[in-house]
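Colleague: Sequences listed follow chains A and B, in order. Per the working numbering, residue 1 is the first one in the first sequence, and the count goes up by one each step. Per the working numbering, residue 1 is the first one in the second sequence, and the count goes up by one each step.
Just so you know, these hints were derived from the structure itself, not from any lab. We treat Cβ as the ideally placed atom computed from N, Cα and C, and that holds for glycine. Careful, some of the hints might be misleading.
In the DSSO-like style, the derived pairs of lysine-lysine whose C-alpha atoms are separated by at most 27 angstroms in a straight line are [said to hold, decoys possible]: (1) A:K21 - B:K798; (2) A:K60 - B:K559; (3) B:K559 - A:K47; (4) B:K221 - A:K60.
Pair by pair, the computed Cβ-Cβ distance ranges are [unchecked claim]: (5) B:V351 - A:P13: 33 to 43 angstroms; (6) A:G48 - B:A792: 29 to 39 angstroms; (7) B:L718 - A:E76: 52 to 62 angstroms; (8) B:E182 - A:D34: 18 to 28 angstroms; (9) B:A799 - A:D33: 17 to 27 angstroms.
Single-letter residue listing:
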Amino acid sequence: MSWIDIGAITDIPLRGARIVKTELGCVAVFRTDDNEVFATSDRCPHKGGPLSEGIVHGRKVTCPLHNWVFSLETGEAQGADDGQIATYPTRILDGRVMLDGTHLATEAAA
Amino acid sequence: MKQKLIIVGAGMASGRALEHLLEHAPNAYNITLFNAEPRGTYNRIMLSPVLSGDKTFDEIVTHTAEWYEENGVTCRFGEKITAIDKSARTVTAENGDVLEYDKLIIATGSAPFIIPLPGHDLDGVIAYRDLEDTNAMIALGDRPGARAVVIGGGLLGLEAAAGLKARGVDVTVVHIMGHLMERQLDEAAGYLLRKALVDKGITVKCSANSREILGENGKVKALLLDDGTELPCDLLVMAVGIRPAIALAADAGLATGRGIHVDDQMVTSDANILALGECVEHDGNIFGLVAPLYDQARVLAKTLLGEEAAFRNKEVSTKLKVTGCDLFSAGDFAEAEGREDIVFRDPARGVYKRLVIAENRLIGAVMYGDTADGNWFFGLIKDGTDISEMRDTLIFGPAYQGGAALDPMAAVAALPADAEICGCNGVCKGQIVDAINNGATDLGAIRATTKASASCGTCTGLVEQVLATTLGDDFVMPAAASVCGCTDLSHEDVRRLIKSRALKSQPAVWQELGWSTPNGCHVCRPAINYYLLADWPLDYADDPQSRFVNERNHANIQKDGTYSVVPRMWGGITTPEELRAIADAADKYAVPTVKVTGGQRIDLLGVRKEDLPAIWYDLNQAGLVSGHAYSKGLRTVKTCVGADHCRFGTQDSTGLGIKLEKHLWGSWTPHKLKLGVSGCPRNCAEATCKDIGVICVDSGYEISIAGAAGMEVKETELLCKVATEEDAIEVISAMTQIYRENAKYLDRVFKWVAKVGLDWVREQIVDDLKNRKALADRFEISQSVYRTDPWAEHAREKAATYHPIANLTLEAAE
Chain A
1 MSWIDIGAIT DIPLRGARIV KTELGCVAVF RTDDNEVFAT SDRCPHKGGP LSEGIVHGRK
61 VTCPLHNWVF SLETGEAQGA DDGQIATYPT RILDGRVMLD GTHLATEAAA
Chain B
1 MKQKLIIVGA GMASGRALEH LLEHAPNAYN ITLFNAEPRG TYNRIMLSPV LSGDKTFDEI
61 VTHTAEWYEE NGVTCRFGEK ITAIDKSART VTAENGDVLE YDKLIIATGS APFIIPLPGH
121 DLDGVIAYRD LEDTNAMIAL GDRPGARAVV IGGGLLGLEA AAGLKARGVD VTVVHIMGHL
181 MERQLDEAAG YLLRKALVDK GITVKCSANS REILGENGKV KALLLDDGTE LPCDLLVMAV
241 GIRPAIALAA DAGLATGRGI HVDDQMVTSD ANILALGECV EHDGNIFGLV APLYDQARVL
301 AKTLLGEEAA FRNKEVSTKL KVTGCDLFSA GDFAEAEGRE DIVFRDPARG VYKRLVIAEN
361 RLIGAVMYGD TADGNWFFGL IKDGTDISEM RDTLIFGPAY QGGAALDPMA AVAALPADAE
421 ICGCNGVCKG QIVDAINNGA TDLGAIRATT KASASCGTCT GLVEQVLATT LGDDFVMPAA
481 ASVCGCTDLS HEDVRRLIKS RALKSQPAVW QELGWSTPNG CHVCRPAINY YLLADWPLDY
541 ADDPQSRFVN ERNHANIQKD GTYSVVPRMW GGITTPEELR AIADAADKYA VPTVKVTGGQ
601 RIDLLGVRKE DLPAIWYDLN QAGLVSGHAY SKGLRTVKTC VGADHCRFGT QDSTGLGIKL
661 EKHLWGSWTP HKLKLGVSGC PRNCAEATCK DIGVICVDSG YEISIAGAAG MEVKETELLC
721 KVATEEDAIE VISAMTQIYR ENAKYLDRVF KWVAKVGLDW VREQIVDDLK NRKALADRFE
781 ISQSVYRTDP WAEHAREKAA TYHPIANLTL EAAE
């Protein structure tokens with residue numbers, strides 16, 4: 001694991017998201033109502049909608065284009081929709097949000 | 001030769017009996033009606049609203065002098081009957097007249113019980129029974145600093161107290177029992193009722209025994225209690241109960257007990273004498289509620305006409321409104337061996353429900369504060385339904401049985417045909433449905449044909465719901481589907497609760513209204529965010545995270561993730577400078593598509609998110625602001641060129657359009673709001689398919705609303721015509737605000753107006769000038785917060801958030 005500091009948790013709006021540009025495309029970093037942080041692919045498998053622009057509720061996000069709902073924990077589409085988004089490990093240290101660079105690199109290579 | 005019928009007493013029971021009789025056989029009898037009160041029949045139940053000033057006496061009269069005359073009834077009001085000679089078949093009037101009868105009806109009702117306390121005969125000691133008593137209480141309200149004591153904490157006493165309080169009188173209620181209305185309510189509900197009365201400023205003394213009424217110069221001065229407390233008063237109202245008035249009948253030798261004995265046909269011990277109402281005793285019961293009396297009236301009329309009918313005393317529920325507090329009780333709710341209670345208590349909301357169960361059957365129910373499910377519980381009691389299967393959720397009412405949504409319409413639809421809707425008049429659902437099918441399609445017609453909701457009116461909502469479920473689309477009632485899976489409440493409920501309980505934040509809504517999710521979902525969050533900012537513009541801060549992407553980013557997202565940018569062009573007017581700035585911005589940010597919109601402005605399509613703050617900044621420099629082309633809010637005001645240029649133009653339609661757009665811009669509304677102003681009826685601005693449209697004519701401005709030109713196409717309907725621009729702007733402000741305050745989120749104006757009715761809107765903002773002004777003022781308060789350019793703010797303060805929080809591709813390159 002090589003943790004990369006991407007910014008302060010307060011840079012992400014509560015119940016909102018920001019994106020991180022990576023070699024494998026944009027990663028959406030979400031902050032839930034309980035100040036948990038989750039990272040997933042920013043791309044909805046349905047029509048490519050930017051998930052970071054969706055409404056964050058509980059540990060879920062709703063895609064802004066056609067309202068697909070994904071679990072931020074598992075990446076699984078909820079309800080009747082069938083789909084999966086990649087999820088990435090995160091950690092918070094002293095109010096800083098970290099992504100795992102190794103993991104991102106592996107995914108990129110794969 | 002017609003038979004002679006004499007009726008003694010013109011109360012509600014005899015009034016109803018007369019109606020039935022005349023309806024079926026208008027010429028069967030020569031009728032003479034005596035009444036000790038100097039007037040005919042009125043709705044005695046409604047004396048309380050007369051006392052509180054909500055109604056006038058004329059409004060509660062059910063039988064007017066004209067009615068008696070038209071029906072050939074000889075009236076002898078203000079005259080008592082002093083004796084009955086049943087062998088001679090005569091009655092003797094107060095003035096000595098002796099009248100013969102073939103049939104006699106005794107309907108002497110009841111007399112208030114006066115406790116024989118020392119001083120009970122002082123001037124200023126009254127009961128609460130008739131108009132004279134009511135007028136005495138009203139008169140007291142005209143005296144500044146007047147004080148009154150009410151003895152009796154039952155329904156009548158409390159209504160007297162509340163009415164006196166409403167008239168500005170300082171009132172104390174003295175009740176001998178431990179809690180109020182002990183016959184209808186248990187202790188807990190009695191406590192809540194007491195609290196509500198105390199909150200209204202009424203002093204309540206329970207477990208208080210009266211010793212003596214003190215007087216001065218023959219006039220009441222104070223009430224002295226057993227514990228030595230002296231309660232000074234100018235009027236003392238004794239409302240401790242009523243007793244059947246049986247003296248006349250007893251003196252005539254008729255069989256009496258607590259009341260005048262009658263059989264199932266309402267005939268007394270003398271075959272030619274019938275009786276009904278509060279003066280009778282049937283099968284050991286005496287009567288105080290109006291529902292069984294109306295049943296008696298029906299039976300008595302049939303008996304007089306020689307038809308078969310039998311009175312059966314049915315179990316009744318009591319649904320009461322005491323001084324604005326909803327109460328319901330039914331069945332037996334005393335505590336006893338083998339009985340179990342299910343209790344629901346929410347003191348903060350003032351809601352209390354208690355169900356009494358014995359052997360898996362519901363036998364009693366008491367409800368306070370929320371009585372919506374009362375009829376359903378009463379049905380379970382009457383039918384003796386086995387409730388063991390639904391016991392876990394029973395107290396939450398019918399909506400929670402079988403997983404149906406909390407939808408009052410569904411609950412009413414599910415009621416069987418014999419479910420009682422109107423307790424006062426004993427009207428069941430089936431009769432109302434029959435009436436509707438026979439053409440009674442509104443509340444007034446239902447009242448006229450079935451009498452349902454025509455007495456005390458507490459079942460009006462239910463009757464409307466029966467109308468709605470029976471008529472379907474023909475009856476306009478707000479649909480009550482729940483907002484989303486997070487709650488069972490409808491949009492209408494949530495809006496109402498946000499206002500009535502002053503909920504001013506989203507967490508307050510989620511917690512207080514029992515959301516099932518921690519912080520809502522993508523369906524409810526934008527709706528609740530809108531309701532809060534519309535209802536509490538100064539207290540609630542808009543939450544961007546509860547907005548759809550377009551409203552959060554102040555631009556419309558396109559399918560490739562880029563955005564479109566539409567600056568405002570007030571009334572469709574622009575300048576070379578603005579056009580140059582737009583062209584420069586399009587060049588600078590490599591905008592792939594530039595399009596003229598239907599709303600008379602220019603759309604720059606294909607702008608990258610990161611560029612949004614910069615392009616906004618550039619446009620701002622030329623004086624261009626957000627066009628809100630992305631919002632559920634004011635979009636555009638489309639205009640034609642009007643009187644300035646057009647040879648047909650009657651007014652300055654462009655000028656008015658610009659004024660309106662400058663007045664309304666930035667406001668959030670339940671759905672998008674588009675306006676048009678045409679300078680003449682040729683309507684080049686297509687104003688008649690907008691949410692709000694103005695057509696200028698020589699004499700002023702025709703304002704119409706509720707048009708549509710989307711998936712549905714609909715012409716606007718005329719709201720009103722005004723003479724000046726100022727009036728037009730005020731009406732349109734008020735219209736915008738009433739829509740903002742009342743509509744369900746995502747209902748366009750035309751959908752909302754279809755629910756509430758154009759007439760209602762017209763009453764609110766055309767007929768009621770004060771209300772129009774108040775709405776326009778509230779709109780202005782909201783606009784003091786929202787009439788601002790979000791682009792400028794975001795370009796200035798939030799530009800960084802439009803960029804990625806980090807760019808790891810750069811680090812990888814290093």
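Colleague: It remains to establish, for every hint, whether it holds in the given structure.
Modeller: To see whether the hints hold, each was checked on the structure:
In summary, the hint linking K21 (chain A) to K798 (chain B) is supported, as the alpha carbons are separated by about 19 angstroms, within the 27 angstroms threshold. Under the criterion of a C-alpha separation no larger than 27 angstroms, the hint pairing K60 (chain A) with K559 (chain B) is consistent with the structure, at around 22 angstroms. Distance hint between K559 (chain B) and K47 (chain A) is fulfilled; the C-alpha atoms sit about 8 angstroms from each other, no more than 27 angstroms. The suggested pairing of K221 (chain B) with K60 (chain A) is violated, with an alpha-carbon distance near 71 angstroms, which exceeds 27 angstroms.
Restraint check, V351 (chain B) to P13 (chain A): a C-beta distance of roughly 37 angstroms satisfies the suggested window 33 to 43 angstroms. Taken as a hint, the range 29 to 39 angstroms holds for the pair G48 (chain A) and A792 (chain B), whose Cβ atoms sit roughly 31 angstroms apart. A C-beta distance of roughly 54 angstroms is found between L718 (chain B) and E76 (chain A), which places it inside the suggested range of 52 to 62 angstroms. Separation of E182 (chain B) from D34 (chain A) is about 50 angstroms and departs from the stated range, judged on CB atoms against 18 to 28 angstroms.
The given range of 17 to 27 angstroms is respected by A799 (chain B) and D33 (chain A), whose C-beta atoms sit roughly 26 angstroms from each other.
In this structure, the earlier hints numbered 4, 8 are contradicted, and the remaining ones agree with it.
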